[in-house]
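Visitor: All chains, full assembly: derive it from the sequences and hints.
There are 2 protein chains.
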Amino acid sequence: MTELQIEIIGLTAACLTTGSFLPQVYKIWKYKSSDGVSLSMYFFMLTGVILWFTYGMLIRSISVMLANLIAAILQIIIIYYKLKLK
Amino acid sequence: MTELQIEIIGLTAACLTTGSFLPQVYKIWKYKSSDGVSLSMYFFMLTGVILWFTYGMLIRSISVMLANLIAAILQIIIIYYKLKLK
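Residue numbers (numbering that gives the first Met the number 0), protein chains in the order written: chain A, 0 to 85; chain V, 0 to 85.
Keep in mind that the hints were calculated from the coordinates and are not lab data.
These figures come from a predicted structure and were not determined experimentally.
All the pointers check out, no bait thrown in.
Copies of the same chain look alike in the list, so a pair counts if it works inside one copy or between any two.
With a straight-line Cα cutoff of 20 Å, these simulated SDA-like cross-link-like pairs (lysine to any residue) come out: (1) Lys29 to Ile78; (2) Lys31 to Lys85; (3) Lys26 to Leu38; (4) Lys81 to Val36; (5) Lys85 to Ser32; (6) Lys81 to Pro22; (7) Lys81 to Leu38; (8) Lys83 to Val24; (9) Lys26 to Val36; (10) Lys26 to Ser39; (11) Lys81 to Leu45; (12) Lys81 to Phe20; (13) Lys81 to Tyr41; (14) Lys26 to Ser37; (15) Lys26 to Tyr41.
Guide: What follows is the structure in structure tokens.
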């Protein structure tokens, strides 16, 4: 398998797992309502995602970096709205 | 940085992001109640997680493999309970 083919698998995985966050972000943004997941849990996840991004840089994996960069942005948006709704 | 140090960062990231799933699994199991996230979304995520696991094997990353193996197990448990609760 070429490196490009491997990255296509990684990027498809990234689209699916990060994409599954979008409805949650949309719901919070659109209905200005929370989603039952606690704020501290999102901070917990954000720390993990930042570490994943660091790990992705260290192993030079574009898929890991990109997936977690987008996930971090989405989580910051969720945290912002959750703090605003408080 | 040694490979071991890099994997420690990856495994810490894995603990944080996969660990943040546990309260959801616990809530569904304990209170036999759903968590607002749709069943189709969990199938979507499960497909992504299986692809991540494949990607982890191809780039030989223990952290990516382990994180997604555990995430897959947790998601299968959630899907099982969601189907049972239906």
